[in-house]
Each structure stands twice: as structure tokens, then as C-alpha cells.
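Asks: So the chains spell out like this:
Protein chains: 2
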Amino acid sequence: MNADIVSIGDELLIGQVVNTNSSWIARQLNLIGIKVNKIVTIGDTRQEILETLKESSANSNIIFITGGLGPTSDDITKPVLCEYFNTSLRFDEEVFSMVDQFVSKRGGTMNELNRGQAMVPVSAKIIKNKIGTAPGLWFEKGGVIYISMPGVPFEMEAMMMESILPLIKDQFQLPFIFHKTILTTGIPESKLAITIEKWEKQLSEGIQLAYLPSPGMVRLRLSGFGNETIKSTISAEIDKLKMILGNAIYGYDSDTMEIVVGNLLKSCNKTLATAESCTGGNVARLITSVPGSSDYFRGSIVAYSNEIKTNQLKVPIDLINNNGSVSKEVVEFMAINLLDILNCDYSIAISGIAGPTGGTIEKPVGMVWIAVASKDKNVVSEKFLFGDNRDRNITRASVAALNLLRIYIQE
Amino acid sequence: MNADIVSIGDELLIGQVVNTNSSWIARQLNLIGIKVNKIVTIGDTRQEILETLKESSANSNIIFITGGLGPTSDDITKPVLCEYFNTSLRFDEEVFSMVDQFVSKRGGTMNELNRGQAMVPVSAKIIKNKIGTAPGLWFEKGGVIYISMPGVPFEMEAMMMESILPLIKDQFQLPFIFHKTILTTGIPESKLAITIEKWEKQLSEGIQLAYLPSPGMVRLRLSGFGNETIKSTISAEIDKLKMILGNAIYGYDSDTMEIVVGNLLKSCNKTLATAESCTGGNVARLITSVPGSSDYFRGSIVAYSNEIKTNQLKVPIDLINNNGSVSKEVVEFMAINLLDILNCDYSIAISGIAGPTGGTIEKPVGMVWIAVASKDKNVVSEKFLFGDNRDRNITRASVAALNLLRIYIQE
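So the protein sequences, as listed, match chains A and B. Going by numbering that gives the first Met the number 0, the first sequence opens with residue 0, and the numbers climb by one from there. Going by numbering that gives the first Met the number 0, the second sequence opens with residue 0, and the numbers climb by one from there.
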């Protein structure tokens, strides 16, 4: 079972938009055992679209097409598909009423352009778009399936997850693949590779290991091939890995650090608040990105100026003057005070130098102090030295802060 | 002058790595007037590489190839290029000594694998790699140029900037292209298209328009071809567009809403703070993602529980009980109080129902109230109705809040 991915959009060819859609689709296909032969990115050009579809259909069973389905004049995918499949457009009542509902729910009214979204190719099966106006289109010709989806990532992703992948799994007998991802944090990739080298070497032939690093964490994906029995083999391998890595493993598969920490708080019925300086509210944002987080998250004081540290968090000005605001003393004080100020069971406090400026020889860009406190246990704190990239420093400090809390609760 | 980009690597076809190289190359080529026809991503497979190069050479003058030049056995680009160009490998003294220096500088010693990096195709011109071990290769055949580069982004980028782009600019007379992107917010794509339909139709033939939507905003890209005079034509078209869209235009090109708002605050030497409920600190995070934001951003109170609204933001409990915490009355109170509490010139307050739960018929998921206040002007507030996706509601509420502040300051 082979697939091609065809991304359509002039904006991709001038590099204005990074083609994350094709990687996302490739990842999903890989997970269910469909091999991607080729990813082709072309412009909103009739001739290119026609030629690319023809070429791809010679080598692949399924062609995933994204982009060019919008309501405006530069979106030409739909008419070109009609030409390719030698079909015409028809008006679809159901799509019209979905677009109508979508538009009116947002306080808009139907106009020529979004009415045009209800015109669909006669020979296509319609894939509903619950969160946008362009429906997906499913064609079959000469034993090849062509699936055309909008280029807006979240619309395409929802369509794939809710409709297209289930349809493909129904229609085809796919090989058996089982994936399990182990989420680790706190150990850099190269050190991790050495730490688990012996374990990796003794993995059986039917199991593949992949390292997936991102700022502050490395995911280890185990893929097992064959049949159902590989599941217990992988489970036994993970038990061995737990003995080696201990609490550097924070979760599995689609867990995120904020979900793991949220579940821990929920299970012990405790609340959390944060006092953030260099992360600027990013830890609060991560925690509140989880639905239902209002059950355990009380709030945050983002103290981007020292005045807020002294006025809101009641840090004595002398403590800041003597130690600097990026110090063990200040973050521990912030964390302890926050427990009463925001009336929470656990607190996180962060202060650091995100960069690119503000560093000194003693306290360089990338230095971050993080403290965690609770009403029942002693405050703990740790100093981190990240790199010189502002975005990555904020991300890594946020992950490290949530991880410090995770270990603090678990121990 | 046309180019194809060919990315080689199995990791790209399983979605393990997002292909940022091709967007980066496309962006650089676009800037110097080279049109990218097609971006093709294939695996480390001899047959695929040979076929793709043959096909691309039929349509393009230059082919940029990345990936597969590493020292390990899965990297086959170099031998396959030798086959394609009917040439063999030779030992290159200069490359050898560069690799040797590179390796020993990092405390390593030369081994079989990195010694192999000094073997280069006889018919290729060598492009030095100052920050890695794989040199770039420049071939010419049948009037087409083929440039093979390593897949490590920073090695490829350095090679392009220092050697390859200057060589191309020397060798070819490139056409003139000028791009200008207009950033709009607050008008959905389909309504925007109708609003500017007449303007779009009167654009001269040498100018192309593209719509680039993302949550809460639509970017309009104008591309002009011909010569330098197109710049003033585009500038005049933008002036007309300003008359139509007014303050729905918030910036140009690489601006972001948080940069625009930051520049406004800097230019009037004013400070800002936020009081956030449903956005959970995301507005603070956006503002502080901009280097130097500590000059104008004081901080935030993320009031995820009503208790923090009453205790920290001093909102009377009766006001919440009578109006609900998602109401005009409460956000205006929060915004006004914040001015004194965090001692700032401008304030933003946000309260809403991000979802997926917590909605009612009167106040559905996606309803968000936003207020902006200052010490000199009246408080203003606005009700928004977004959708039912938590992440996008948070994103759109954050963009809307910054936009409300932008308009408030500008008026």
C-alpha cells in the first residue's frame, strides 16, 4: 500500500509557509502502515496539477492532495479536479446547510463565495468539514484513490482523523504495526543513546527504535511488526527501559507534560499556581491548554518587572538587590509566598534570562532558576543552563518547571 | 529562470522531520527572482533519485538537492550522483584537510567514515562546508545546474548564503520580482474577498494577489513582476487598499500582532499589563515572545479562578454573581482595576468560555469578552463569538485582544 502526497499552493513555492501538512500526513500514514513514496509540492497551476496527479497515479494507490480548495479566485484545485476526472459541479444541499450554519454561527451571512463551497464535483464522495467551509473530496479512478483536502492544517487534520483514516482502514487490509512512544525529559539525545545502548542492541528484529528529539525532551518510538504478540514483547522491553531511565520517563504516546502534571494534581485533589518571570506566562498557557484545567489551576502572576515581584509576590527588595532577581533565594521566596497569595497547594516560580540580551558573565543568557513549593513539603529549586535562543529557552524552562513539579509530587 | 528543489531522506517520508530546508531555499530563491516550479521529497533510494533528477532537469534550469551526503551507509546521494553524471570519485586534499581540522577541533580523530567525505565526484565543482564534514557539489549537464548540499539545515544555509547564491547571481541575469504582504485581522477570508473584489479586479497584469489565512487573520500577498517601477505601482495599490480596509490592516511582511503592539507602546513610551482568564496567560506569552518586551510589558494576573478575580483584581463578588464572570461588566472592572494594581498605562482584560465544556445557551463555548483600558481614556470592551475548538478560541481571543488594544492606542 503506497501513497503520494501532493501539496498545492504558490505560498509553499515561495517559502512563505512551511509545508507542515505533508509531514503530518506522512506521520499518520506511517503509523497505519502505508508507505509514502513521494511528496510533491506544486503551485496553483492547472498544468502542474494535472501532470502531477497523472504521474503520482502511476506509482501509488492513494494520493493525498491538500490546498487550493478555498473560496477565492486563486484556489483552482476544484475546477482542475473536475477536468482531471472529467466531471462537472453540482449543488450539494447538505454542504450548503453546513456552510450556512458555520457562517451564521460566527455572525456572518452567506455570500457568493461561501455559497460556491456547496458546489461539488459530481463524481466525488463528500467528506464533511465540521470546522471550515471547504468540504473534502474523495475520488476513485483506475484503481487509485484521490483525496482532496483543504490546506488549512486544523481543517485537514480533523478531516483525516474523523473521516479519512477510518475509511481507509475499513477499505484496505493494512499490515500489522504497533507503535508505543516513551516520553523522556532531562537527558540530551546523545547521552540518552549511550545510556540505553545495551538495551537497544538486544531488541528483537521485529522491533524498530526511533529517536524523536524536541527542545527539552526526547521521545523514543518503538515500532513492532508482525502480529498482536509483538504488543507484549514491546511492553516487556518498556519495563526494562523503566529500570534504566527511572523518572526521566514522564509519559507515553500522546501524553504531554502538562497533561501528566494535570492528572497528578487531579488524582491527589490539589491545586497549582505559577509565578513566572522569563517564561512570561508560558507555563500557565501550557497548563490551561488542557480542557478541565480549571479544576486544579488557580492562576498565575506574571512578574515581568521587579516591581511586581515586590508588590504582588512580596519579595523583599533587599533580597533582589543582594542576590539578583535570577537567583535561588528569589525564586524560592516567590514560590513560598505564592502558596498564600493565590491560595494553592503547589506553586512553581521561575526567573531567568531568556535573551538575546540581559546576560552577564556570571549569569549568562539561558540561565534559569526554578523553584517548586507546597504547603506540606520543603521548597526545592534547581538552576538550569539552556542555550542562547530566546524561544527555545522559554520552551525548555517551561518543560523543566513542569517536570520539576512532576518529580516533586511523585516523590 | 526556474528551479526545482529535491529533498532526499527517508525521515522526511515518515514525517519524522518537517522539511524546513525546502521552504528556506524557496524563500531565498524567490527573493532573487528565481521561480520554484516544484519541490519533490523522496527517500534514500537510487531509482527515485535518478528518476527525479531526470524529470526535474526537463523543466528547470537549476536543481537544488539536499540530504543523503552524510558519512553513514544510508546516505547514498553521492554514489547515485556519480552514476547520474557518469563520473567517478577522486580524493580531494583540500576537503580532507578541512574535514581533518573540523574533526580534531572537536576532539575527534579521523576514521574511515569521515575520511570518505574527502572522496568527491571528478566532474563536480566543490563547495566548501565550513561547519560540517560533507562538501557541497555543483554539477552542470545539458545546460542544467545541479547543486547537492547536506541536509543539516545550518550547514545547508551557510553554504547557500556564503557560496551558492553569490555564484548564481554572478552567473545569471535574474528577472525582477517584488513581494509585499499586507496583514489584516477581524474580517473573515470570504468577506474580505468581497470587500476588496473591485480593487482586486483593477490590479494591473504584472501584479498577482494571494490570500493566506490563519486563525484570526488573513495575509494578502502582492507579487509584482517586471522592473523596479512595479514597487511604486504596488505601493499605490496598497494606498488604495488602506482606504478600503482602514485599520483592519495591522502590519506588513514579517510583522506580527505582538511586534506591532510592542512598537506602538515603545513609540509612545507606555506600559501594558494583562488580566487573563480564558486565555490563561497566552496574551502575556505572545507579548513576551518579543525580545526587549520588558521595556513595555509589566506583567499579568492570570485569574483562572473567580477567587483570584475577587482577591487579586478586586472585582466585587456581587458583580460576578449578578453578571457572570464572562460579561462586559466584569472585564471592564478587571481592566480598570489592573491599571492601578500593576501600575501600567494600558491594560487588557479577557474572560470567556474556551470550551469544550462550560457553555450555556446564553453564553456558549467560544463567547469571549475583552476590555481595554488606560489611565487617560475611557474603557472599551467588545464581545466575540468564536468557535467550539479550545485551542483556536484561545488563539483567536489573544489576537483579538491585542488588536483591540492596537486600535484603542491608534485612535
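Derived by calculation from the structure, the hints in this document are not laboratory data. It cannot be assumed that every hint is accurate.
[To be verified] In silico BS3-like pairs for lysine-lysine, Cα to Cα no more than 30 Å straight-line: (1) LYS129/A / LYS382/B; (2) LYS127/A / LYS190/B; (3) LYS382/B / LYS327/B; (4) LYS269/A / LYS313/B; (5) LYS362/A / LYS269/B; (6) LYS190/B / LYS200/B; (7) LYS104/A / LYS374/B; (8) LYS362/B / LYS382/B; (9) LYS313/B / LYS374/A; (10) LYS53/A / LYS168/A; (11) LYS53/A / LYS140/B; (12) LYS313/A / LYS313/B; (13) LYS265/A / LYS362/B; (14) LYS265/B / LYS313/A; (15) LYS104/A / LYS190/B; (16) LYS124/A / LYS190/B; (17) LYS168/A / LYS129/A; (18) LYS197/B / LYS179/B; (19) LYS53/A / LYS53/B; (20) LYS374/B / LYS313/A; (21) LYS327/A / LYS382/A; (22) LYS241/A / LYS265/A.
In this text, all values refer to a predicted model and were calculated from it rather than measured experimentally.
Asks: Checking one constraint from the list: CA of LYS190/B to CA of LYS200/B, max 30 Å. Satisfied?
Replies: Holds, at roughly 16 Å.
Asks: Straight-line Cα separation of LYS104/A and LYS190/B no greater than 30 Å?
Replies: holds, 15 Å
Asks: Taking 30 Å as the top limit, are the C-alpha atoms of LYS104/A and LYS374/B close enough?
Replies: Violated, because 36 Å separates the two Cα atoms, which is more than 30 Å.
Asks: Taking only the CA atoms, is the gap from LYS327/A to LYS382/A under or equal to 30 Å?
Replies: Within the cut-off at roughly 8 Å; holds.
Asks: For a C-alpha distance cap of 30 Å, please report whether LYS53/A and LYS140/B respect it.
Replies: holds, 27 Å
Asks: Holds or violated: LYS269/A with LYS313/B, Cα cutoff 30 Å?
Replies: Roughly 25 Å separates the two Cα atoms, so the pair holds.
Asks: With the threshold set at 30 Å, check whether the alpha-carbon distance from LYS53/A to LYS53/B stays at or below it.
Replies: Holds. LYS53/A to LYS53/B sits at ~17 Å (cutoff 30 Å).
Asks: If you draw a straight line from the CA of LYS129/A to the CA of LYS382/B, is it 30 Å or shorter?
Replies: The hint holds at about 24 Å.
Asks: Tell me if the straight-line CA distance from LYS127/A to LYS190/B falls inside 30 Å.
Replies: holds, 22 Å
Asks: Would you check the hint for LYS265/A and LYS362/B, treating anything up to 30 Å between C-alpha atoms as holding?
Replies: holds, 27 Å
Asks: When you check the alpha-carbon spacing of LYS374/B and LYS313/A, does it fall within 30 Å?
Replies: Given that 30 Å is the threshold and the Cα spacing comes to 25 Å, the pair holds.
Asks: Is it true that the CA of LYS168/A sits at most 30 Å from the CA of LYS129/A?
Replies: This hinted pair holds, its Cα atoms lying about 21 Å apart.
The structure is inconsistent with hint 7 alone, although it conforms to all the rest.
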